[in-house]
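Protein chains in written order, with the working numbering: chain A, 1 to 354; chain B, 355 to 630.
Incorrect hints may appear among the rest.
[As the list claims (entries may be wrong)] According to the in silico footprint, chain B covers these stretches of chain A (three or more CB under 8 Å from chain B):
(1) 79 to 88
(2) 97 to 105
(3) 165 to 177
[To be verified] Computed cross-link-like contacts, DSSO-like style, restricted to lysine-lysine with a CA-CA straight-line distance of at most 30 Å:
(4) K613(B) with K111(A)
(5) K432(B) with K523(B)
(6) K379(B) with K78(A)
(7) K379(B) with K613(B)
(8) K510(B) with K523(B)
(9) K379(B) with K578(B)
(10) K78(A) with K570(B)
(11) K538(B) with K570(B)
(12) K32(A) with K22(A)
(13) K613(B) with K538(B)
(14) K570(B) with K523(B)
(15) K432(B) with K233(A)
[As the list claims (entries may be wrong)] With the C-beta cut set under 7 Å, the calculated list includes, among others, these residues of chain A facing chain B:
(16) P67
(17) E69
(18) V70
(19) L71
(20) Y74
(21) D110
(22) W115
(23) Y117
(24) G124
(25) F227
(26) V231
(27) H261
(28) V268
(29) S311
Simulated from the structure, these hints should not be mistaken for laboratory data. This structure is a prediction, so every number in the text was calculated from the model and none was measured. For each residue, glycine too, the CB sits at the ideal point set by N, CA and C.
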Amino acid sequence: MTQRFLSHQELASLVAELLAAKTRVIAPVRAKDDPEQVEYQPIQSLEDAALGVRIPRRSLKEFFLPPTEVLLHYRQTKTGVEIREVATVAPPQVILGALPCDAAGVAAVDKVMNWDYRDELWFGRREATTIVSFLCSLMDATCFCTAVGLGPESSTGSDVLLAPVTGGYLAHLVTPKGEALLQAHGSEASEATLAAAEAAQREARQKVEQNLAAIPAEFAGWLASNFDNPVWKTIALRCHGCGGCAALCPTCHCFDIVDEHESADEGVRRRNWDSCQTALFTLHASGHNPRQSQSERFRQRIQHKFSIYPSRFGEILCSGCGRCSRNCPGGMDLPTIVGELVAMAQAKPEAGGQ
Amino acid sequence: MNIYQPHLMRIREIMDETVDTRTLKLEFEDPGIGQSFQFSAGQFGEYSVFGEGESTFCIASPPTRTGYIECSFKATGKVTQALRRLSVGDTVGFRGPYGNHFPLEQMKGHSIVFIAGGIGLAPVRSVIWNVLDLRDEFRDVTIIYGARSVGDLVYKRELEEWAQRGDVKLCLAVDPGGETPDWKGLVARIPTAVEQTVATAVDTFALICGPPIMIKFTLPVLEKLGFPGDHIYTTLENRMKCGLGKCGRCNIGPTYVCKDGPVFTAAQMRALPQEF
């Protein structure tokens, strides 16, 4: 991985160049409706950005999988139906100041979107986007990225990772896309800069590590063999089934497909965010529902993130951002719940499911 | 290519099966796609009525008959009711084929017992015609089909055709109370019909499709007859949207019905979490 020093001034001129070239630049900004809150939004100048202020209230997911998007346009004609295709190529954009957990969330969904069938709508946006993350210093008591194999210094999903140092940033150029972005910017990093960045990384990691210990690899197998453990009945009692956790989650990617009329003869087929936490999600036309109660639906959420996805793709479908816990109206705290389940798994490693 | 983009198909024929179940014969608008389109028995697709949405059904016609596909559906939800309002010549969308299929190659040279209940005959029918179109490559063919009542039996024209054939053993059954005065088949539920009809499991595969309750009570009968768990095949269905392993709703524990299925052996089904 190439490393380079980037001064504050150089970052500002990079952003100015991108904006001048009509590249969309997205960064954390103060939310219009609530200046206490920060959200990822397109910026017009680097001064708009609120970098390193607060964890953005939503993840980066919406820039790759919009909450609603058109899959096709249709038109009824006298002789049949005409379909107008949507573009799968997206205009270039740079995301500046992403949290490493949000970048990692996007990388986790990549694997689903490329599983045998390649979702070109997703990858059209992925390929057009360069993600510049910041070494995270915003962790609170709910963060647990280090427990899921990531960390505040993790470069997973990022093209560039910037670590703040005196006078600017140490830039890790993670991918060829990242190298291309900073080709004409920055200078060789001094030993002092490298040492300062390393110290900052270590310190950041330690802060998160106290929240939840690393989830052991055996946890996935324990979950799979404890599908019928009575713990699922009690663990979900506080869950309202609102699905807010899924909307805020950087890795939740479930969607619905619906048609919408726009006039008598024309309309669109849309993909909308959906959540496994609602009863309708799995309801059959016959009235049969494989997941009838909230405990079954919450079990699905935990099983998918910590066992089902890991068994297919070798990692956890959670980047430890903590948004689900911070925003849950029922007080469902994922790190606490996972911590308890891990403790159960470790207490009885031989226990079967029945 | 946008993987959610459907092919356009025209309805060439409409066949009413029961009071609420209908079969559509569909042809690709683009003759090139019609010629190159291939699938295997057991695979499914996403059928759509533009403006109403998509719905998941198996392909009910056999892959040995090319140039068209058929689907059978019961008017239950928004899309199936809209499909029912369409006429011959109307356009529908189709994405597919998706999922795995029945192991036709593995079954060659063996006997097959087909067991179906209600509209569960649709996926089985694709295999039945596939086997009958290649009849010499298989040994004994037994079809056991039942429904709640005589009126609920689907593909009645074909049931008659199979009854006439000398190379098929057909057993029809209706639930007690579902018979008519002229009913000549069994008055029994499927597990009983299987007990009375199937003599041996030697060199035989069983394909079973129908309501979960029927499968639940028929599997022990097949096992008692000596069918090993990997010689009994069924198809599972779950609510689906994409059919491509992305939308996240058809999984049963770690198993995605759309990608790992819809065809499973009884042994595979037993190993799944009981959440279907």
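Each hint, compared with the structure:
Here the segment 79 to 88 of chain A counts 6 residues with a CB under 8 Å from a CB of chain B, which clears the bar of 3, and the coverage holds. Check on the segment 97 to 105 of chain A: 0 of its residues sit with their Cβ under 8 Å from a Cβ of chain B, so the three-residue criterion for coverage is violated. Figure legend: the segment 165 to 177 of chain A, annotated as covered by chain B; annotation inconsistent (0 residues with Cβ-Cβ distances under 8 Å, at least 3 required). Of the pairs offered as hints, the one joining K613(B) and K111(A) holds, with about 15 Å between alpha carbons and a cut-off of 30 Å not exceeded.
A distance of roughly 38 Å separates the Cα atoms of K432(B) and K523(B); the hinted pair therefore is violated under the 30 Å criterion. Straight-line distance between C-alpha atoms of K379(B) and K78(A) comes to about 21 Å, which keeps the hinted pair within the 30 Å bound. A threshold of 30 Å between alpha carbons decides the hint, and for K379(B) with K613(B) the separation of about 25 Å falls inside it, so the pair holds. Between K510(B) and K523(B) the CA atoms are separated by roughly 16 Å; this keeps the pair inside 30 Å, and the hint holds.
At roughly 39 Å between alpha-carbon atoms, K379(B) and K578(B) are farther apart than 30 Å, so this suggested pair is violated. Distance restraint check for K78(A) and K570(B): the Cα-Cα separation of roughly 49 Å exceeds the 30 Å cut-off, and the hinted pair is therefore not satisfied. In summary, the hint linking K538(B) to K570(B) is supported, as the alpha carbons are separated by about 27 Å, within the 30 Å threshold. With a C-alpha separation of about 23 Å, the suggested pair K32(A) and K22(A) falls inside the 30 Å cut-off, and the hint holds.
Of the supplied pair hints, the one linking K613(B) and K538(B) is violated, its CA atoms being roughly 41 Å apart against a limit of 30 Å. This hinted pair checks out: K570(B) and K523(B) have alpha carbons roughly 24 Å apart, not beyond 30 Å. Among the hinted pairs, K432(B) with K233(A) is inconsistent with the structure: their alpha-carbon atoms are about 33 Å apart, more than 30 Å. The interface hint given for P67(A) is broken, as the beta carbon of that residue sits about 15 Å from the closest beta carbon of chain B, more than 7 Å.
For the restraint placing E69(A) at the interface with chain B, the shortest Cβ-Cβ distance is roughly 10 Å, beyond the 7 Å limit, so the hint is violated. Proximity of V70(A) to chain B is violated relative to the hint, the smallest CB-CB distance being about 10 Å (cut-off 7 Å). Contact between L71(A) and chain B, as hinted, is supported at the beta carbon level, the nearest pair being about 4 Å apart and thus within 7 Å. Checking Y74(A) against chain B: minimum C-beta separation of about 4 Å stays under 7 Å; hint holds.
Annotation: D110(A) was flagged as interfacial toward chain B, and the flag is violated, the nearest CB pair being 12 Å apart, outside 7 Å. Annotation: W115(A) was flagged as interfacial toward chain B, and the flag holds, the nearest CB pair being 5 Å apart, inside 7 Å. The interface hint given for Y117(A) is met, as the beta carbon of that residue sits about 4 Å from the closest beta carbon of chain B, less than 7 Å. Taking 7 Å as the C-beta contact cut-off toward chain B, the hint placing G124(A) at the interface is violated, the least distance being around 9 Å.
Hint status for F227(A) relative to chain B: holds, with the closest Cβ pair at about 4 Å, below 7 Å. The criterion of a C-beta within 7 Å of any C-beta in chain B is not met by V231(A), whose closest approach is roughly 15 Å, and the hint is violated. Below 7 Å, beta-carbon pairs count as interface contacts, and H261(A) has one with chain B at about 5 Å; its hint therefore holds. Taken as an interface hint, V268(A) does not check out: its beta carbon lies about 9 Å from the nearest beta carbon of chain B, beyond 7 Å.
Given the 7 Å rule on beta carbons, the hint for S311(A) holds: about 5 Å separates it from the nearest Cβ of chain B.
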